[in-house]
Amino acid sequence: MEIPYTVKPRPDTGLYNAKVGIWLFLASEVMLFGAFFSSYILLRVGAPDGFWPDVATAWPHGLLNIPIGTFNTAVLIISSVTVLLAWASLKEGNLPKFKKFMAATILCALGFLAIKSYEYNEKFTHYVIRLKDGTAVTGHLDIDGKSPRFWSLATVEAKKLESIKVHVDVPNQFRYPVGFKHETHEEAEAKTGGHGGGHGEREIKTADIALLQAFIPKTGTFFAIYFTMTFLHGLHVLGGAIVMAYIAFVGDGMWKTDPERYTNRIEVAGLFWHFVDLVWIFLFPVVYLL
Amino acid sequence: MSLKAFHLVFVTASVLLMLGLTAWCFGNYRRSDSSMDLVWGAVALASAAALLVYGRYFLRKLKNISYL
Chain A
1 MEIPYTVKPR PDTGLYNAKV GIWLFLASEV MLFGAFFSSY ILLRVGAPDG FWPDVATAWP
61 HGLLNIPIGT FNTAVLIISS VTVLLAWASL KEGNLPKFKK FMAATILCAL GFLAIKSYEY
121 NEKFTHYVIR LKDGTAVTGH LDIDGKSPRF WSLATVEAKK LESIKVHVDV PNQFRYPVGF
181 KHETHEEAEA KTGGHGGGHG EREIKTADIA LLQAFIPKTG TFFAIYFTMT FLHGLHVLGG
241 AIVMAYIAFV GDGMWKTDPE RYTNRIEVAG LFWHFVDLVW IFLFPVVYLL
Chain B
1 MSLKAFHLVF VTASVLLMLG LTAWCFGNYR RSDSSMDLVW GAVALASAAA LLVYGRYFLR
61 KLKNISYL
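Going down the list, the sequences are from chains A and B. For what it's worth, the working numbering labels the leading residue of the first sequence as 1, then goes sequentially. For what it's worth, the working numbering labels the leading residue of the second sequence as 1, then goes sequentially.
A few of these clues could be false.
[Said to hold, decoys possible] Computed list of lysine-lysine pairs in DSSO-like fashion (alpha-carbon distance at most 27 angstroms, straight line):
{"hint": "1", "chain 1": "A", "residue 1": "97", "chain 2": "B", "residue 2": "63"}
{"hint": "2", "chain 1": "A", "residue 1": "8", "chain 2": "B", "residue 2": "63"}
{"hint": "3", "chain 1": "A", "residue 1": "123", "chain 2": "A", "residue 2": "218"}
{"hint": "4", "chain 1": "A", "residue 1": "160", "chain 2": "A", "residue 2": "146"}
{"hint": "5", "chain 1": "B", "residue 1": "63", "chain 2": "A", "residue 2": "218"}
{"hint": "6", "chain 1": "B", "residue 1": "61", "chain 2": "A", "residue 2": "100"}
{"hint": "7", "chain 1": "B", "residue 1": "63", "chain 2": "A", "residue 2": "91"}
{"hint": "8", "chain 1": "A", "residue 1": "256", "chain 2": "B", "residue 2": "61"}
{"hint": "9", "chain 1": "A", "residue 1": "100", "chain 2": "A", "residue 2": "218"}
{"hint": "10", "chain 1": "B", "residue 1": "63", "chain 2": "A", "residue 2": "99"}
{"hint": "11", "chain 1": "A", "residue 1": "165", "chain 2": "A", "residue 2": "218"}
What the hints contain is simulated information worked out from the structure, not anything from laboratory work.
All chains should be built: construct the whole structure from the sequences, respecting the hints.
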């Protein structure tokens with residue numbers, strides 16, 4: 001049985017069927033991501049700025065790595081260019097050139113995911129430590145030269161550690177903008193005995209800690225929505241990369257039997273890929289910059 | 001809407017993002033006086049210009065392909 005309108009446009013829609021299908025699918029995706037962006041706005045407007053006094057509901061700034069996020073944005077923009085050039089190569093009848101551009105697109109997708117994984121790992125080893133004297137610091141733990149993931153105060157107590165070594169972050173105006181009582185340089189110097197420049201390596205007694213938590217979804221509303229949205233987007237990137245790799249390198253036999261239909265498949269895959277990249281174009285400024 | 005038309009939308013959004021990033025970096029530079037913010041701002045502005053040049057190139061390359 002021959003499937004109708006895989007190449008020729010349907011008279012009523014003016015488009016071949018797969019294109020109508022992908023746009024209907026993308027409409028549902030707009031609703032999905034739209035719901036998350038709406039949630040983001042509602043959570044954001046209802047949250048106080050800063051990291052203090054309530055870590056769970058406050059909206060922190062400056063805790064994401066902006067240079068890495070910007071680099072990942074560039075990677076996705078390049079991948080959109082290469083997928084368009086791949087489709088244009090098929091339109092010119094040049095299959096080898098098409099495969100090179102598709103390989104570049106898939107490499108960009110995998111590169112994006114690798115960088116995102118690195119960013120996630122960096123968050124899982126990054127902690128907020130609230131002390132009983134009312135101050136708080138952020139930084140990385142140093143336990144026998146290793147930086148552990150997902151620890152809490154209960155973990156430290158269960159391991160019977162009397163103190164923990166912390167590489168404390170340098171505070172800046174973006175990290176603690178409102179109502180945050182961060183130590184002054186002099187206070188930090190006094191606590192480290194004048195060594196390490198105040199905000200470097202520091203030993204903190206377990207008995208002095210009121211809260212110790214990694215930057216994970218349950219840490220607060222910001223991290224909850226950040227991980228939810230970026231993970232969902234990452235799943236779309238992974239799905240898109242798998243489908244494009246299959247069409248380009250496994251299902252390319254169709255190019256010999258029905259080249260026009262094969263070209264249309266690439267166009268449909270390209271439309272999905274552009275949507276995924278466009279979501280990131282909105283996601284990046286919203287979670288990293290604003 | 002064809003891939004050509006969607007790509008045009010995407011490039012436009014990317015240019016706007018880069019211009020926004022430029023403004024964000026220069027705003028930070030005014031507050032912090034850090035030369036890195038100035039460098040990042042200049043890179044973002046150059047990226048916006050490069051995307052505009054690319055936009056013209058791709059429109060010329062695909063001039064025979066429909067927007068539908």
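**Item:** Violated constraints from the hint list, given by number and in increasing order
**Value:** Numbers 5 and 9 - these are the hints that the structure violates, sorted from lowest upward.
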